[in-house]
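K.L.:
Line by line, the protein sequences are chains A and B.
Take our numbering: the final residue in the first sequence is number 121, and no numbers are missing along the way.
Take our numbering: the final residue in the second sequence is number 121, and no numbers are missing along the way.
Source of the hints: derived by calculation from the structure; they are not laboratory data.
Honestly, I wouldn't trust all of these hints.
[Said to hold, decoys possible] In silico DSSO-like links for lysine-lysine, alpha-carbon gap of 27 Å or less: (1) Lys89(A) - Lys71(A); (2) Lys71(B) - Lys89(A); (3) Lys71(B) - Lys71(A); (4) Lys89(B) - Lys71(B); (5) Lys89(B) - Lys71(A).
[As the list claims (entries may be wrong)] Label-pair restraints from in silico Cβ distances: (6) Thr83(A) - Lys89(B): 34 to 40 Å; (7) Ser14(A) - Ala57(B): 19 to 25 Å; (8) Asp91(B) - Thr35(A): 23 to 29 Å; (9) Gly20(B) - Pro93(A): 25 to 31 Å; (10) Gln66(A) - Lys89(B): 15 to 21 Å; (11) Arg58(B) - Phe22(A): 15 to 21 Å.
Given the structure is predicted, the values throughout are model-derived calculations rather than measurements.
Note that the Cβ used here is the ideal one computed from N, Cα and C, for glycine as well.
Number of protein chains: 2
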Amino acid sequence: MTPSITITQAMIDSYAAISGDFNPVHVDPDFAAATPFGRTIAHGCIPLEPVFRLVQARLGLAVLPQGTGMKLRYLRPCHPGDTIGIVVKADGPEGIEFQCVNQRGEPVIEGAVRLVSGGIS
Amino acid sequence: MTPSITITQAMIDSYAAISGDFNPVHVDPDFAAATPFGRTIAHGCIPLEPVFRLVQARLGLAVLPQGTGMKLRYLRPCHPGDTIGIVVKADGPEGIEFQCVNQRGEPVIEGAVRLVSGGIS
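Input sequences plus hints: build the corresponding full structure.
P.N.:
Right under this line is the structure:
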């Protein structure tokens, strides 16, 4: 089973406090309702979290080894209520190609991780 | 002035609750003291936050436009007490090359963002 994250407004509010990014498009549902998105948007790091967990699980490590490379392209915004999972497109000794997809199967991030050895478990 | 983030254990604990990644290397200072790092490590998204803020400020946008690309390489772990800032190495209409550096000037992440147009302010 690959990792996934179900986004909540509480999670977004908590991330705003970590990052200091309290833009109303993230934390004010009324404001966000009047934007083209119609609802709040998760900060870009939140849908990325399953990628870190996938790679850690793949390597059996608690944190990514130094030198780990990552390539990302953001494709769609993520909102409260979305569940973001991962589809592995390619998996080899040197890296993983993936898509983060929402519960409708729409890709929200596509990318690749270049694996390096080392790190701590 | 470029964005920066000063990492605290509370921030890491809060991020653990968002991500579900409560590995003791992140949240248990006693456990972490016995690892090669000697102290807790911030989840990989935390030192990345100034990058999102830099790009948003550069574009005058609240969120990254769809299609935004990012290339990253993790170079060093980040710990509570670290202040992570950004050094812009190149800045053109199509993208920004950067290093996230800690308060000792050591690069912790290096990377590039490929800018696309669009998005909401």
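K.L.:
It remains to establish, for every hint, whether it holds in the given structure.
P.N.:
To see whether the hints hold, each was checked on the structure:
A distance of roughly 14 Å separates the Cα atoms of lysine 89(A) and lysine 71(A); the hinted pair therefore holds under the 27 Å criterion. Our distance criterion of 27 Å between C-alpha atoms is met by lysine 71(B) and lysine 89(A), whose separation comes to about 18 Å. Among the hinted pairs, lysine 71(B) with lysine 71(A) is consistent with the structure: their alpha-carbon atoms are about 4 Å apart, no more than 27 Å. For the given pair, lysine 89(B) sits about 14 Å from lysine 71(B) by alpha-carbon distance, which is consistent with the 27 Å threshold.
Between the alpha carbons of lysine 89(B) and lysine 71(A) the distance comes to roughly 18 Å, so the proposed pair stays at or under 27 Å and holds. A C-beta distance of roughly 37 Å is found between threonine 83(A) and lysine 89(B), which places it inside the suggested range of 34 to 40 Å. Roughly 22 Å separates the CB atoms of serine 14(A) and alanine 57(B), a value that falls within the hinted 19 to 25 Å. In this structure the supplied range 23 to 29 Å holds for aspartate 91(B) paired with threonine 35(A), their Cβ-Cβ distance being about 28 Å.
In this structure the supplied range 25 to 31 Å holds for glycine 20(B) paired with proline 93(A), their Cβ-Cβ distance being about 28 Å. Roughly 19 Å separates the CB atoms of glutamine 66(A) and lysine 89(B), a value that falls within the hinted 15 to 21 Å. Against the hinted window of 15 to 21 Å, the Cβ-Cβ separation of arginine 58(B) and phenylalanine 22(A) comes to about 19 Å, which satisfies the hint.
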